[in-house]
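Going down the list, the protein sequences come from chains A and B.
Taking the numbering used here, I'd label the letters of the first sequence as residues 408 to 690.
Taking the numbering used here, I'd label the letters of the second sequence as residues -7 to 213.
Hint data in this document are derived by calculation from the structure and do not stem from the laboratory.
Treat the hints loosely; a few may be bogus.
Cut-off 20 Å, straight-line C-alpha distance, at most; resulting in silico cross-link-like pairs (PhoX-like, lysine-lysine) [as the list claims (entries may be wrong)]: (1) B:LYS141 - B:LYS172; (2) B:LYS128 - B:LYS172; (3) A:LYS683 - B:LYS42; (4) A:LYS683 - B:LYS45; (5) A:LYS463 - B:LYS45; (6) A:LYS690 - B:LYS45; (7) B:LYS128 - B:LYS141; (8) B:LYS31 - B:LYS76; (9) A:LYS463 - A:LYS474; (10) B:LYS141 - B:LYS194; (11) A:LYS440 - B:LYS211; (12) A:LYS474 - A:LYS415; (13) A:LYS463 - A:LYS690; (14) A:LYS459 - A:LYS474; (15) A:LYS463 - A:LYS683.
Just so we're clear, the structure is a prediction, and the values are computed from it rather than from any experiment.
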Amino acid sequence: MTLDDILKAPSPASQWVLDTDCEENGLEPEDVKQVMRARIQEMRDSIERGLKTDAKSITGMVGWNAKGLWDAPDALNAPLIKRVQAYAMAVNEENARMGRIVAAPTAGSAGTIPGALIGVADHLGIEDEKLVMPLVLAAGIGKAISRQMYISGSAGGCQAEIGSSAAMAAAAVTELLGGDSRACVHAAALALMNTIGLVCDPVGGYVEVPCVSRNAFFAVHAVSSAQLALAQLESFIPPDEVITAMAQVGRMMPLQLKETAEGGLAQTPFAQGYLKDLEQSQK
Amino acid sequence: MSLLDMIGPVMIGPSSSHTAGACRIGLAACQLLGHTPEKARIGLYASFAKTGKGHGTHLALIAGILGFEPHDPRLPQAFQEAEKAGLNFEFHDADLGNVHPNTALIHLQGGQASVEVTASSTGGGIIEVIEVDGFKVAFDGFSPTLLLKYQDAYGMISRVTGLIAIDEVNIASLTCTREKRGGTAMMCIVLDSGLSDYAIRKIAHIPEISWIRMLPGFKRL
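Input sequences plus hints: build the corresponding full structure.
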């Protein structure tokens, strides 16, 4: 399954993705759809829990961001953006509290797809049943990426993790809003080509800073990609070659920038000081 | 790789590779032992050793060894659960050589049995078991998998696969390794579906076979 295969598939792209994957794995399409329905409900549950609580994470670095934003006045008068960001952070703060979430494709990037897809759906009043096939397409995009590229930050940098989730979310939102196969794949490519080189630099190795807010940013990034693609704008570079470029950058990245907490934000004096204090207080 | 791996698993946070994958590594080891162990000695390599603490990797491995799945709400309290279950455990750093940075070496002991398992967590909750009791194997734990330890002899593969064929089950992959000609060998067979109890009994009765495990496959649904 390549991006080019999906791009050339009859619209909606999700049907081709579902049929092809079921044939490959010997699964029944209706069973896969049923699991996807359950996963949408899991995503919703984690959003709901995350928006309600301001309980701190293990380290105290995050925990109140989603509720804080949700309860705050909408400074930009842009309710879609606020909703998408708050949903995404709600999921990842649940994740940071060792709560229950759906990895999509990973736990560190778990908020991006629910933030973008469920956020847009709620903003427009679209029912959950209409999200099932877009979620299938998101999975298909992830599968196409993982053919050539790692999907974990420790192997490919944050571009591999949140970049993949943003691409998956972009395609899903595009299909939800009526985009054809070509538009969906270009939405994914646009999201990917603008995450190349993103380092994975969690403070102390915890999936908290910058992971929680990064999900909020990339959920909006995915929605932006969908908007461009729905207006028929396309990635200048062929989508599969965008993945190749990302994979190449991932291989060139030094280990210090791949979830080892040995580079980037994790090595700032403030982060180092915070962790030292935390260690002292836990003794 | 299925669509359900890309959107999923449903899991306890915070990391699909360091928490959900670690839990599944522990679960595979538990299934290979065949029951909950009394002792676990766990070597952590590279990223598992370096950033495991912040990811609940230690908790997740113990949860898996206790037989919990990645979505089990008891995962954050795995150490207390281990005490209840009478499981003693210890962790150490291990240099496992040229393997994936998220790799663990687990030694389990309990009853009269013991097993040693090396497995890597490759991202998104996917794992790869690479060694069992010193024999190279290759399976991801999602499909039903049959593992056999036996005395190397001619016709062994044919006898085992013949019984699998009679059961009308398809083989996805098969690997065999042996310590030397005629020595102890390990066969690892990944299947499209589980075998009947009858077929497992028939295979277990082949005289050269000294150890047999039928892993059911992790639940995706």
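How the hints compare with the structure:
1. Restraint check for LYS141 (chain B) and LYS172 (chain B): satisfied, since their Cα atoms lie roughly 13 Å apart, inside the 20 Å limit.
2. Pair hint LYS128 (chain B) plus LYS172 (chain B) holds up; C-alpha atoms about 13 Å apart against a cutoff of 20 Å.
3. Distance check on the hinted pair: LYS683 (chain A) and LYS42 (chain B) sit about 16 Å apart at the alpha-carbon level, within 20 Å; holds.
4. A C-alpha spacing of about 15 Å is found between LYS683 (chain A) and LYS45 (chain B), which places the hinted pair at or below 20 Å, so the restraint holds.
5. In summary, the hint linking LYS463 (chain A) to LYS45 (chain B) is supported, as the alpha carbons are separated by about 17 Å, within the 20 Å threshold.
6. The hinted pair formed by LYS690 (chain A) and LYS45 (chain B) meets the criterion: a straight-line CA distance of about 15 Å does not exceed 20 Å.
7. Between LYS128 (chain B) and LYS141 (chain B) the alpha-carbon distance is near 12 Å, which keeps this suggested pair within the 20 Å criterion.
8. With a C-alpha separation of about 13 Å, the suggested pair LYS31 (chain B) and LYS76 (chain B) falls inside the 20 Å cut-off, and the hint holds.
9. Only pairs whose Cα atoms come within 20 Å are accepted, and LYS463 (chain A) paired with LYS474 (chain A) is accepted, the gap being roughly 12 Å.
10. About 15 Å separates the Cα atoms of LYS141 (chain B) and LYS194 (chain B), which keeps this hinted pair within 20 Å; it holds.
11. Taking the CA atoms of LYS440 (chain A) and LYS211 (chain B), the gap is about 16 Å. The hint holds against a cut of 20 Å.
12. Annotation: proposed proximity of LYS474 (chain A) to LYS415 (chain A) is violated, straight-line Cα distance about 42 Å (limit 20 Å).
13. Straight-line distance between C-alpha atoms of LYS463 (chain A) and LYS690 (chain A) comes to about 19 Å, which keeps the hinted pair within the 20 Å bound.
14. Distance check on the hinted pair: LYS459 (chain A) and LYS474 (chain A) sit about 6 Å apart at the alpha-carbon level, within 20 Å; holds.
15. For a cut-off of 20 Å, the pair hint linking LYS463 (chain A) to LYS683 (chain A) stands: about 18 Å separates their Cα positions.
Against the hints set out earlier in the document, a violation occurs for number 12 only.
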